[in-house]
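Peer 1: Given chain A's structure and the hints, the job is docking chain B onto it.
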Amino acid sequence: MIWVDTLVQGILLGGLYALFAAGLSLVFGVMRLVNLAHGDLIVLAAFVILTIATTLGLHPFVAVFLAMPIMFAVGWGLQTYILNRVLGDDILPPLLVTFGLSVVIQNTLLETFSADSQKLTAGPIEAQSVALGPTTVGLTPLLTLASAILVIFALNQLFYRTKLGRAFRATSDDPVTVGLMVIRPNNVFAIATGIAMVVATIAALYLGVRANFDPTIGPARLLYAFQAVIIGGLGSLWGTLAGGIIIGVAQALGAAVNPEWQLLSGHVAFVLVLLFRPRGLFPRAND
Amino acid sequence: MTETLLSTHDLTAHYGDFKALFGVDIEVNKGETIAIIGANGAGKSTLMRAITGLLPHAPDAIRFKGESIGALSAPEVLDRGIAMVPEGRRLFPSLTVEENLLIGAHSRTGNGYWTLESVYDIVPILRERKDHPATALSGGQQQMVAIGRALMSNPEALLCDEISLGLAPVVIKEIYASFPKIKESGASVIVVEQDIGQAMKVADRVYCMMEGRVTLQGTPEELSRDDIHNAYFGVSS
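As you go down the protein sequences, you meet chains A and B in turn. Last residue of the first sequence: 1444 (the numbering used here), numbering continuous. Last residue of the second sequence: 277 (the numbering used here), numbering continuous.
In case anyone wonders, no lab produced these hints; they're calculated from the structure. Just so you know, not all the hints are guaranteed correct.
[What the hints assert, rightly or not] Derived contacts from chain A toward chain B, CB cut-off under 7 Å, selection only:
#1 Thr1334
#2 Gly1336
#3 Met1338
#4 Val1339
A virtual CB, placed ideally from N, CA and C, is assigned to each residue, including glycine.
One chain only, chain B, in its complex shape:
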């Protein structure tokens, strides 16, 4: 029996008068990797913002570890074991690579799978560059620092928002090569992705969103190219 870690039930969210999510239901099991795909403006990032408490929504719409977390502020949500890799990486330019990683563990108490050593083990290049300013690294390396920073809090759920944006395909491949190790640590992962190919490779299950709704879901094996095309663009090919 799989255990549900994070779920949303009939989640709606607004930016002012603009309704951005229309009754979204997703479910993430413990240790599972979920991909949320969809075109620009489909509501993927809005969903991430709602989960992390940055966007107001109905208090009961989101449950994490069996508890309703909808009424909590962003720091309270994150404190319970959710970490986020924000879109655009958002590394701290005044901090070195190692300091950027350490600040991810700022509020952590106790030990866990992820330490500086275990992060350096999956990305050895960061150990060599640990004293460089984080923003002096290449785009792909910076993205790994951002992922490492989020892992340092030893989250139970890791949310990755558009981590392949603006990177070369070969670099994206390298980044996703580290995902099996993240899965080994026992964390559930939610990737928001426009690169459907990568998303299908890494995910156990896929949700496709369009215009604030989930239009398709299933395992990568179940979903045909046509289904996805349909759900992604809203037209048949």
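Isolated chain A (complex conformation):
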């Protein structure tokens, strides 16, 4: 029975990793940009939610809706004024710029909020649980997974059912030719990064409610997110969800065997997938 419980906890944890990864996957899918500051931007979003929640005395689940437009603007501005200038045939400049950005965000957060651990206080919901067959699961982890599924579903609808999504896919295929349709790739990229930051804000909510956070934890979140994207196959959103769940389950199983093996087993699962499916589990056909 303990194994069923471990498996369920792993799947729920995977929901959080999928949320970390969804924004990264979206940005990579549209503009082939690996944003090394993604983890730090999630942490930034968590501090934005925290600030709104404490100043206005709001519940974090309400504050998140105010943080979303702010983070959309952050993403839009970041893309328009910085990242669009370095995107091109050479993948090194955007990597270096986002790496530098990661350092800048961490240090700015340290200066502003100090190195103290923070937490988003969600009240009784944090401790509530529901019976799920033979196991009992926490309400917050369940909400996390449900949100991850909802976010991935919504992003898929956006990509495949809307005019904006069509522009995303066409721009990803051929940023020069979309110019002939009077689509400006830089605008498309700015909207995509804005949406990715909205998703990062949802991830930040569950990150902050689930455990403590401080300005330095971004890079580790990036690592899990990156692994989830690679396992799922670059550019595939449902693959990213599967990737997150695989990392989550691997970590939970590892921790059940020996608590020291939690992180290690996630990385081992990543390496194993790369070894047997170098393009990930659900690679896009035309990459």
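Peer 2: Leaving out everything else, chain B in the frame of chain A:
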């Protein structure tokens, strides 16, 4: 009295230090189909790039609907009612046939002659294949998608760059069979073509280019085989 839609006046263009166009003058009337013929490197595609604002040139050298459009960027030019079928088709592989057509109308406001239905009416096979990935079609069908995509913006001027390149003669014939219907919609068409036979059949007037200059112009009836041969290759036969 015919109305001039698009014209170039003493148009010169450079790729860096290399001068590619030497004072080109062409004129396209409303509803007219123009063919620009010439060998490789004659400057045909350069002329297309200059018209669509992709290549810098003197601001006053190009006029469209009575306005000087030389100083505008490519999106601004295209926004005014010029659409281009690029060389090599350049369809979007992630999009279905129908999505490729729809994205041509991405920035369009209001209605016009060309809709999904009217494009499907001239190429019925595309209606059957509308949910296929665009790149799964045959070369000729892909070319029709590319033309349809450009038409979806309801352009006043349609520029077609080398649409018969790499296609079998029978397929090229099929593609050009749709041109009378495009003409019916009222659009002016400029085809850049190496297939002289097709160009002469479809065009109201022909410009022949060589080494960045217009060497010959006239209606297909006016031009003799020898004239064209001369203008095309620069030697007498």
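Peer 1: All hints are to be evaluated individually against the structure, with a verdict given for each.
Peer 2: Hints and how they fare:
1. Taking 7 Å as the C-beta cut-off, the interface hint given for Thr1334 of chain A holds, the closest approach to chain B being about 4 Å.
2. About 6 Å separates the beta-carbon of Gly1336 of chain A from the nearest beta-carbon of chain B, less than 7 Å, and the hint is met.
3. Using the Cβ-Cβ criterion of 7 Å, the hint placing Met1338 of chain A at the interface with chain B is satisfied: the shortest such distance is roughly 5 Å.
4. With its C-beta approaching chain B no nearer than about 4 Å, Val1339 of chain A sits inside the 7 Å limit, and its interface hint holds.
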